[in-house]
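In order, the protein sequences belong to chains A and B. Sequential numbering from 1 applies to the first sequence in the numbering used here. Sequential numbering from 1 applies to the second sequence in the numbering used here.
One or more of the hints may lead you astray.
Here are some chain A residues the structure puts well away from chain B; computed CB gaps all over 10 Å [what the hints assert, rightly or not]:
1) Arg399
2) Asp417
3) Ala419
4) His424
5) Leu439
6) Cys446
7) Arg447
8) Arg450
9) Gly726
10) Pro734
11) Asp735
Distance ranges between label pairs, derived from CB positions [said to hold, decoys possible]:
12) A:His33 <-> B:Pro87: 37 to 47 Å
13) A:Arg349 <-> B:Val65: 56 to 66 Å
14) A:Glu339 <-> B:Gly64: 54 to 64 Å
15) B:Gly64 <-> A:Glu97: 54 to 64 Å
16) A:Arg336 <-> B:Ile88: 30 to 40 Å
17) A:Arg437 <-> B:Gly64: 45 to 55 Å
18) A:Arg335 <-> B:Val38: 31 to 41 Å
19) A:His365 <-> B:Gly64: 45 to 55 Å
20) A:Phe188 <-> B:Ala104: 27 to 37 Å
21) B:Ala104 <-> A:Arg437: 47 to 57 Å
22) B:Asp117 <-> A:Thr330: 18 to 28 Å
23) B:Val43 <-> A:His365: 32 to 42 Å
24) A:His365 <-> B:Val15: 26 to 36 Å
25) B:Val43 <-> A:Ser354: 30 to 40 Å
Only part of the chain B face toward chain A is listed, based on derived beta-carbon distances under 10 Å [what the hints assert, rightly or not]:
26) Arg46
27) Val47
28) Thr101
Hints in this document: simulated from the structure, not taken from any laboratory. Given the structure is predicted, the values throughout are model-derived calculations rather than measurements. All C-beta atoms in this analysis are idealised placements derived from N, C-alpha and C, irrespective of residue type, glycine included.
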Amino acid sequence: VTDPLHQMPASPPGTDPVRKDVARSAMSETKWHRLHPLSPVVRTGRALYVLVFLLLLTMTREGPNGQDSRFVLDIAFAAVLVVAGVISWLVTRWRVEEGTLRIETGLIRRSSQRFPLVRLQAVDTVRPLLARVFGLAELRLRMAGDAGTSGRLAYLTESQADLLRARLLALAHRIAEETPAPPERVLFSVPSGRLIASILLSPLGLSVIVVGAVLLSGSVMAPATAGISVGGTAVTIIVLMTVLWRQFNGDFELTVSQAHDGLRLRAGLLTMNAETILQGRVQAVRMVEPLLWRPLGWCRMHVDVAGRHRPQGESDVEGRELRAVLPVGTREDARRLLEIIMPDAPSDRIRPPSRARLKTPLRYHNLSWGRNETSLVTTSGRVARVTDWVPHAKVQSLRWVQGPVQRRLRLATIHVDTAGRNVHATIRDRDTGETDRVLPELIALCRAARRSSHGTRQWALVQPLGTTLSTATTRHLSVPVPPRPDIAPPPSAARWHWSGLEIALAAPLGWLGGSWVAWRSLGWYPLPSAKLLFVLGWVPVLLVGLSVGLARSVLRRRTAGMVLMAIAVAAPMVAAHLVPGVKQPTQYPIPGRPWLAVSAAPNGASNLYLMKGDADHLVSFGETPWTEGSAALSPDHRHIAFASNRYGSYDLFVMDLDPSGNRIRTRRLTDGPGDESEVAWSPDGRRIVFTVRGGESSTIHVIEASGGTPRALADNALNPEWSPDGRWIAYSAPDPSDRTDYDIWVMRPDGSHPRDVIDATPTDWSPGWSADGGRIAFTGGRDDHWGVYLADVDGAGVMAVMRGSDTNQAFGWSPDGSKILFLSDRSHTGGTFLYFMNPDGTNVRLALRL
Amino acid sequence: VAVPTGVVAAVAGSVSGISNAPSTGVIVAACVTALGVVVDRFVQRRVRTWGYCERDDDLLVKRGVLFSRLSVVPYGRMQFIDVSAGPIERSFGLATVRMHTAAAATDARIPGLSRVDAAELRDHLATLGESRAAGL
């Protein structure tokens, strides 16, 4: 029932004596204190999330160079904010001296506020989400006086705030600091289930349900337009959800308890709010029974309090507002509450004359009013029944009004105005004779009520548990404080809590861990796209928020941590299934299950992998900081030839493997200044052909696999590929007549008989022999459009197999010759992956995604 | 009311007379004048019903023909009183006294007082308000 974090000093604050002493010594008199250093951060509140998100977005976006200035601007903006925050923290200080709290603030316009503690009425504690994460709290001082002036100390640590609050109250009541404050009696608290039901049954909640249902059915029936309809109503939905959330958060677990100075309300899931409604400050009470709630016997009760703070606490003076002391409750709850707020509310009510039905047919059945010596009650409302109670002492003015219809019917209305603009009771449509009689009576009653309360202070101090008050201002108190506290005992120190920081750290860590598990087990992985950034950016924030709220206000036990971690771990796995474009497509084994040596760069530098049949049997040879590329597996599967820049320029290496594909050792074959690449084995596995690039030229070389001196075969040529029968080497080289037109050539393995065989597109390269040696698949196209082409060895029958806006490159053939392997970025996820397809371009399947 | 009616009638008549036939202008001017006379009757009735009464503890303000209203404002509830005079009111030496309480719904104002009367009423009400002030 009681919130230990919000425990008023009834229990000794800080059961840990050391912590208490530290906090106390930090609050000794005659010393200036600063607020907590994190205060500016907490004060920026929600803006902070947005700022961080925007910054993240800017940093990860890789745009043209022109955007750098924008980025610098963002950083500068953030820096200015940070400096401003630090300065505001530096110049704000407070101290308690001679029964006064002084708060000084401001750098240029220095302001010093003094709060004489004898005029202190109440100290409220407010803890927004961020503050709770850091274990901070804000103290709001409410002073006597019509304007409801306020002092804010935002933010102090929780223990400091508790101690200071106790101290201020003790000073205000002029009692010893150690005296425990009078206990509070918890009247009731609102069950969460009922609150949710009541919000859903409100007009706003119903509209949200309807909008949601329409959108959902629309999406189901016409999935194509779902995006448009959801996008179009996104703003509405967001606004509705925000309002609903505010309502929910503001009233979540609202607990009303009776304190010595009035009613104390505590509520909030994420932002915790504690406030006090002072006895005698209540201007009016309003009970609303909406039509939809009536079958359930529910009602809502507000009090109108002059000088109440706005929820945000930004505008302190004009904070007159209705406060729902009972967001939803039974009539019995309302009656009990009313007895406490207004002990002698009139009980009997008079109905209006039946001819009033002609003027207000809809309202008639709700109209009535009643009064006694201290207050009056009116009911009204067309759909919802609204009952207002106003004490005579709080009436500001009376108005008698008669319209033309009313004159015909001999009716009149008396308006009873109270402070503010929220409630004004209306004695509607009464007989003129009655109003003529009642108006002077009411005037007299109000005058009498004003007189009796005149000169007495409206707020009460009760004798706190046996101590005597030194002042003579002891006041009456309409509700006696119960002699024994029936609040729960304070939590023992042994009970284990998650501190805010732990939770704040645990949730993202859990998220990261969950992401890693999901990536490993489900193939889910982060995509560098804006949509995903949004998901990755916001889901954790929401998650942290919800988790912290749950952990600290609902469960508040060891299980909180467990639940929290479970949610954080499970969420990415669920997301991997739900978020479109995140789930990895299935990888299919290439027919014949060939072993392939590939080089890929999933995490930075390109490294070697051996795919033994399919993607599930992938051997990594370790991640290296240097680049290893152009991998080629020897025909006997015992060696991988590759190029690496391990020693500066690219050189040719051979890795020897055991029969199951594990590395035995790595040998270096060449060490020239040129860059080796594009490695291919001879079918007998004894020779390796490769390209050496140096300066502008590229030359095809051949070398014995066991080592030796490379021998040049062809100048100005690249992409060598040995034919399956070993009699030819296909390669790409420019057309003699046009140096920019690369064609596919073949030559004998000793470099003789070069022949230009295929000229399909302006640039043809990367030939790959089919298993029977009859056809060559190659990459062709212009500079920006690459596709996979197929032609006979003599250049006839050229066919575009895979062409389109994606970049496709021929990679080779499956061993049985039934499929063409190719590399493509067709998944549009920012990577180039290995696919295979039929030689006619059909049946494209993903083979390996790294 | 007579003066603005005459001005408006003349302006409307001459404008429509210039742009259309002169007879149209005459008709428009006549119509405007007739309208002004009707409005004048209403305004006169409205002004006649407007009244206030200072009692021991409160101020009564009565007004309205179609909707008759009677406001009761206790002196002790007055938060402040302001006296305002627009350009037309100033040209006739008049002023409006308006009483404010903590309630937004209170609409007690007394227009058409001479400036001296208005100042006197304001001071008088302010003294009464001070002596009987009550907290919220």
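Evaluation of the provided hints:
no.: 1; hint: Arg399; result: 5 Å, violated
no.: 2; hint: Asp417; result: 4 Å, violated
no.: 3; hint: Ala419; result: 4 Å, violated
no.: 4; hint: His424; result: 5 Å, violated
no.: 5; hint: Leu439; result: 7 Å, violated
no.: 6; hint: Cys446; result: 7 Å, violated
no.: 7; hint: Arg447; result: 5 Å, violated
no.: 8; hint: Arg450; result: 5 Å, violated
no.: 9; hint: Gly726; result: 99 Å, holds
no.: 10; hint: Pro734; result: 84 Å, holds
no.: 11; hint: Asp735; result: 84 Å, holds
no.: 12; hint: A:His33 <-> B:Pro87: 37 to 47 Å; result: 56 Å, violated
no.: 13; hint: A:Arg349 <-> B:Val65: 56 to 66 Å; result: 33 Å, violated
no.: 14; hint: A:Glu339 <-> B:Gly64: 54 to 64 Å; result: 40 Å, violated
no.: 15; hint: B:Gly64 <-> A:Glu97: 54 to 64 Å; result: 58 Å, holds
no.: 16; hint: A:Arg336 <-> B:Ile88: 30 to 40 Å; result: 57 Å, violated
no.: 17; hint: A:Arg437 <-> B:Gly64: 45 to 55 Å; result: 21 Å, violated
no.: 18; hint: A:Arg335 <-> B:Val38: 31 to 41 Å; result: 56 Å, violated
no.: 19; hint: A:His365 <-> B:Gly64: 45 to 55 Å; result: 29 Å, violated
no.: 20; hint: A:Phe188 <-> B:Ala104: 27 to 37 Å; result: 32 Å, holds
no.: 21; hint: B:Ala104 <-> A:Arg437: 47 to 57 Å; result: 28 Å, violated
no.: 22; hint: B:Asp117 <-> A:Thr330: 18 to 28 Å; result: 57 Å, violated
no.: 23; hint: B:Val43 <-> A:His365: 32 to 42 Å; result: 40 Å, holds
no.: 24; hint: A:His365 <-> B:Val15: 26 to 36 Å; result: 56 Å, violated
no.: 25; hint: B:Val43 <-> A:Ser354: 30 to 40 Å; result: 38 Å, holds
no.: 26; hint: Arg46; result: 14 Å, violated
no.: 27; hint: Val47; result: 19 Å, violated
no.: 28; hint: Thr101; result: 4 Å, holds
Violation of the numbered hints given earlier is confined to hints 1, 2, 3, 4, 5, 6, 7, 8, 12, 13, 14, 16, 17, 18, 19, 21, 22, 24, 26 and 27; the remaining hints are satisfied by the structure.
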